[in-house]
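Q: Sequence:
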Amino acid sequence: MKRIVLTGGGTAGHVTPNLALLPLLREEGWEVLYIGSETGIEKKLMEEAGVPYYSVPTGKLRRYLSKQNLTDMFQVVKGVREAGRLLKKLKPDVVFSKGGFVAVPVIMGAKKNHIPVIVHESDLTLGLANKIAMPFAQTVCTTFPETLRYLPKGKGVHTGTPIRRELFTGSRERGLRLCGFEGTKPVLLQMGGSLGAVKINDCLREALPSLLETFDIIHLCGKGHAEERLQKKAGYCQFEYVTDELADLFAAADVLISRAGSNAIAEFLALKKPNLLIPLSRSASRGDQILNAASYEKQGFSMVLQEEEMTPATLEERVQRLYADRAKYIHAMEQSAQNNGVEAVMAQIRQF
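Per the numbering used here, residue 35 is the first one in the sequence shown, and the count goes up by one each step.
Be careful, since some hints might not be right.
Computed cross-link-like contacts, DSSO-like style, restricted to lysine-lysine with a CA-CA straight-line distance of at most 30 Å [stated by the list, open to error]:
{"hint": "1", "residue 1": "Lys165", "residue 2": "Lys187"}
{"hint": "2", "residue 1": "Lys165", "residue 2": "Lys145"}
{"hint": "3", "residue 1": "Lys123", "residue 2": "Lys165"}
{"hint": "4", "residue 1": "Lys36", "residue 2": "Lys122"}
{"hint": "5", "residue 1": "Lys36", "residue 2": "Lys77"}
If you anchor each label on the Cβ, the simulated ranges turn out as follows [to be verified]:
{"hint": "6", "residue 1": "Thr218", "residue 2": "Glu61", "range": "35 to 43 Å"}
{"hint": "7", "residue 1": "Gln172", "residue 2": "Ala83", "range": "38 to 46 Å"}
{"hint": "8", "residue 1": "Arg208", "residue 2": "Glu180", "range": "32 to 40 Å"}
FYI, nobody ran anything at the bench for these hints, they're computed from the structure.
Where is the CB? At the ideal position from N, CA and C, for every residue including glycine.
From just these sequences and the hints, can you work out the full model?
A: Next up, the structure:
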C-alpha cells in the first residue's frame, strides 16, 4: 500500500480540493494521512472524512511589515522541525499540498526527509505560501494555463482543480423543494463563501424588488448575515451556510453571482453554470480574484462586474444580460478541457 500525506489549510478553499481527491485515492489503495494546523478548519473537515489527522505549529506569513512576522517566524521554524520528525515517522511516498500557511513547514519537512512534494496552485499567480514552497516541490499543478509562465520550465503542469464528486449528484427538484420554490421562474444563486460577501449581500438585497420579478433567488449569505425581515419573503430563500445541500442548490440554479475565488469558479466551470463574478478589489486583497475573473471572462466562461462599479442597477442589468446570454456561456464551458482536475492531479501523484 502506498502512503500519501495531504496538507493545506487556513480556509476551506485550501482543503476542498484535497477532499475531492479522497475517493479516488482510497479506491486505488492509497493510505491517506493529513497534516494541518492545530486549530484550522482543515482539522474538522478531515476528521469528518475519516482521515487520520496530525497537527504541527505554523505561523501566518504576511506581505506587510508586522511585529508578528518575527514571532510567527519562530512558529514556522518549530513547525518545520516537528513536521520533519513526523514525516520521518510516517514515511509517506509523496506529499500533496494545497497551499496555505500550514503547508510551508510540512513541505520543508518533506524536503529534509527527501520525500517528493506536489504543490497545487489555485490562483492565476502564486500565493505567498506557494512562492516559498515552490523551490522544494517536484511538480506544481495549476488551475489556470496562464500560471505556467510564472514557473520554472518543466516544473508546472496544467491540471485544473479537483472537484468533489458529490457536486455532480445534485437534484434540481430537491433544490427547489428545499427553497420552497415552485419552479416557474429561473433561479439565481448568490454565494460568497463561508463568511459571505457583505458588499454583494447588501447590493443584492437592495435589488431584490426588481430581480424577484424575473427570478427566484437563493442567497448563501454567510454566517451571521441572514436577515430576519426577509425570512418569509416569497421567491427568496437565504442560508447562512450549507454543506450537503450545496449540490442540490447548484442543480436548481440557472445563473450564479459570486466572488472569484479559484475553487468556486472551477466548480462553476465543471458544472456548466453561467456566472457573474464580482472579484475582491485590490484594496481588500492581493488582486488574485481580479486576475482569476479576467481569465474566465477572456475564455468566455464568466461575465465580470468590478466591485467599484457595482450598484443595485448595474447588478440587475448584468444578471439579466447573463441569463439572456446563458447559452453562449454554457457552450464555451462545454468546449473547455479545464473541467474536473481530479484525474489530471492523480496522474501526477501516481508517478511517485
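Q: If a hint holds in the structure, say so; if it does not, say that too.
A: Hints, one by one, checked against the model:
This hinted pair checks out: Lys165 and Lys187 have alpha carbons roughly 15 Å apart, not beyond 30 Å. The hinted pair formed by Lys165 and Lys145 meets the criterion: a straight-line CA distance of about 15 Å does not exceed 30 Å. Annotation: proposed proximity of Lys123 to Lys165 holds, straight-line Cα distance about 27 Å (limit 30 Å). A C-alpha spacing of about 15 Å is found between Lys36 and Lys122, which places the hinted pair at or below 30 Å, so the restraint holds.
Between Lys36 and Lys77 the alpha-carbon distance is near 23 Å, which keeps this suggested pair within the 30 Å criterion. Between Thr218 and Glu61 the Cβ separation comes to about 41 Å, which falls inside the hinted range of 35 to 43 Å. Between Gln172 and Ala83 the beta carbons are some 26 Å apart, a value that contradicts the proposed interval 38 to 46 Å. The supplied range of 32 to 40 Å is met by Arg208 and Glu180, whose beta-carbon atoms lie about 37 Å from each other.
Checked against the numbered hints above, the structure breaks only hint 7 and satisfies the rest.
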